[in-house]
Amino acid sequence: MNSSYKNLLIALIIFLTANLMAVDTAENFYQINCKACHTIGGGRLIGPDLMDVETRKDREWLINWIEDPAAVLASGDAYANKIFEESNKVPMIKSPGITKEIAAELLDYIAKITSEGGEKEVVWEAPKFTTEDISKGRSYFSGSLKFENDAPPCVSCHTVNSIPGLGGGRLGVNLTDVYQRLGESRGLSIWLKAPPTATMVPIFSKHPLNEQEIISLMAFFKNEVEVQSRPQFASVANFILYGILGTIIFFSVFGAIWANRFKAVRRPMVKGIR
Amino acid sequence: MNIRSQISMVFHLDKCIGCHTCSVACKNIWTDRKGTEYMWWNNVETKPGTGFPTKWEDQTKYRGGWEVRNGSLRLKSTGKARIIPNIFHNPHMPTMDDYYEPWTYDYQNLFNAPPGDDQPTAMPKSMVTGEYIDIEAGPNWDDDLSGSPLYAENDPNLNVLSEEQKQQLFAIERLVMFYFPRICNHCLNPACVASCPSGALYKRGEDGIVLIDQERCRGWRSCVAACPYKKTYYNWTTGKSEKCILCFPRVETGQAPACFHSCVGRIRYLGVLLYDADKIEEMAKLSDKELVNAQREMILNPFDPEVIAKAKENGIHEHTIQAAQESPVYKFVKEWKMALPPHIEYRTFPMLFYVPPMLPVISTMKDGMRKSMAEGIFPDFDQARAPIEFLSSLFSAGDGEKTRYVLKKQMAVRTYRRAVTVGDIDMKVAEKMLQAADCTIEEAEAIYNLTSIATLEDRFVIPPAHREEAIEMMEDPLEYKQHAGFGFKERPARGL
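Residue numbers (this note's numbering), protein chains in the order written: chain D, 385 to 658; chain S, 17 to 512.
For reference, chain D alone in the conformation it holds in the complex (with noise of 0.2 Å):
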């Protein structure tokens, strides 16, 4: 009974934080949605460097692109393609719950650490990744180690070529190359840091990955990009040979209990007299 008032209370302080995190200052705004993928004269990470991100395009265009990425990238603009294309085709994310006003904040606040001079440099320095790390990795992945702060493991949602049999979820992108496309170690740490897709966010806001499960998976991720191994056709085709299996067997089983359901009483009665 305690434990759970007590649950409750935490979840109720997480939600209430949380929110007051997501509405409270286009720099926390910048923090949780923009961060992972984007520095203000830090250099490229997978998205472009947005130190006079406003000498580059008006001001409209950009509150445009932030409020609706795809659409803008749908409607053939130019310029959009083109940062489509130096980012390794990972697209301009829309975040959630972005709006005309917020888009205009950011830009305010890009502006400002602009005129500062950019973010504070940060050196970036590649972590060394153990064997223990890659294969700890692999067992962050698929679930059988749990994460510290019981996030889910990515493999509910998320595969990677490697995984045999069925391989993992399918209702997120294959992470064979995440390694390479999220920007290598430096931006995949801070992806990881905070995911910012509208599915992850809710998620990974309230179960954070820590430090060393991080770079475990990094560790992993950029084994996979390494070893390249191809995607697995056959774990499609086991999935529906496993279907196809599982279904005879639940029927025949079914059919076996109840094998007498529809045998009448009067009908057989009849036939053996005949």
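By construction, these hints were calculated from the structure, which means they are not laboratory data.
Errors might be hidden in some of the hints.
Claimed, not checked - Capping the alpha-carbon separation at 25 Å, the derived lysine-lysine pairs in BS3-like fashion look like this:
1. 141/S - 655/D
2. 418/S - 647/D
3. 647/D - 77/S
Quantities reported herein were computed from a predicted structural model and do not represent experimental measurements.
Given the coordinates of chain D, work out where chain S should sit on it, guided by the hints.
Showing chain S alone in chain D's frame:
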């Protein structure tokens, strides 16, 4: 002691002529609606025969009734472990074919058929699908032993007979049959009520009539499976189950149920029994052979002052107690021990009792004349065409002594009356027979009266329902006294 009253019944099978008037009366009143065409709340079966639905007595197929397992009483059909895997389809239920597919005839064809070489016919048409069908069976397909090599020989009660007995039973000129009218038994320990997952079935407190609440029924059909007599039916149009209601609207207004009232042979008796509800569970756990006596023991003497006091304490109306004292059922079941419950081994304690039939009077010829009376008009039962084991399997859970007792008494009463009215039998012989049959002359006269010359009031002793008093529990009639016919059916929204 927890005394309750029950409207109970006796069917005197020795008087049943198998005319099906009861079935038709019931059908016309209650079950000629859509979805109920196949139901026969009252039906008349020929024994030996498989009945309706086919082989309803075979509980290895239908799993109806109760069983004693590990010292507790359980339903055979729906234990907790059984109900979940079978929740959407109970395999131990009669199929439509085991009842029959109800049909009508295409009478319009007789009028509308185009001119042709042949007479137009009215082809049978299913009342379920509306398609033309070939009739394969009906609710009474084995009536009067029709199709007996198939139907009569499959009577589950024949399992108790030896091969030789079976062959004798079906030998030409020894063939025997009797009629077995059946309605809901309104049991003391009803399996249907116990099985219902929706709690839609209930046994009325005031008269023990078992009913299905049509509002609460969710069509699980557990009752259909659980009732060992297969007397609850699923209405395939409304999606709810229905059963015999013992014509309670008639009973409440002092009339006998339709099947009773219309009975041509006057075989039916209706009356109140008082019983001790506290004993039901304990008694239902006894062994098969003890059950008939156990049920009789539960039925209480309505003249006993202690019983009367306890009954009143339990809210039983004085008039109901009075009716119980005049009840013909009490006499048949408890005083004379002549009426026996059908298949009491199902442990539901049916409250419809049967007087087993005297089967049949064998007339043998000698030198072109009937054999002399000196040998008795009636033969020894053990040489009767229907083996006593067969009757016992139906009416006394296999206890031959109980059936023999009833038949002996019936025969003694007949012999006695023959001595009185015809006089070709010596009264001394008759009296000796009565004595041997555990019967006094007064009792014999009473049995004769109730069997042969009873009036409507003697046969149906219906306690007044006192609905006018029942309503006082809900509202105060005096409150409306001054309205003198004025009032609101629906109260106005502003309030009153």
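Hint by hint, here is what the structure shows:
Between residue 141/S and residue 655/D the alpha-carbon distance is near 24 Å, which keeps this suggested pair within the 25 Å criterion. Between the alpha carbons of residue 418/S and residue 647/D the distance comes to roughly 37 Å, so the proposed pair goes past 25 Å and is violated. A distance of roughly 10 Å separates the Cα atoms of residue 647/D and residue 77/S; the hinted pair therefore holds under the 25 Å criterion.
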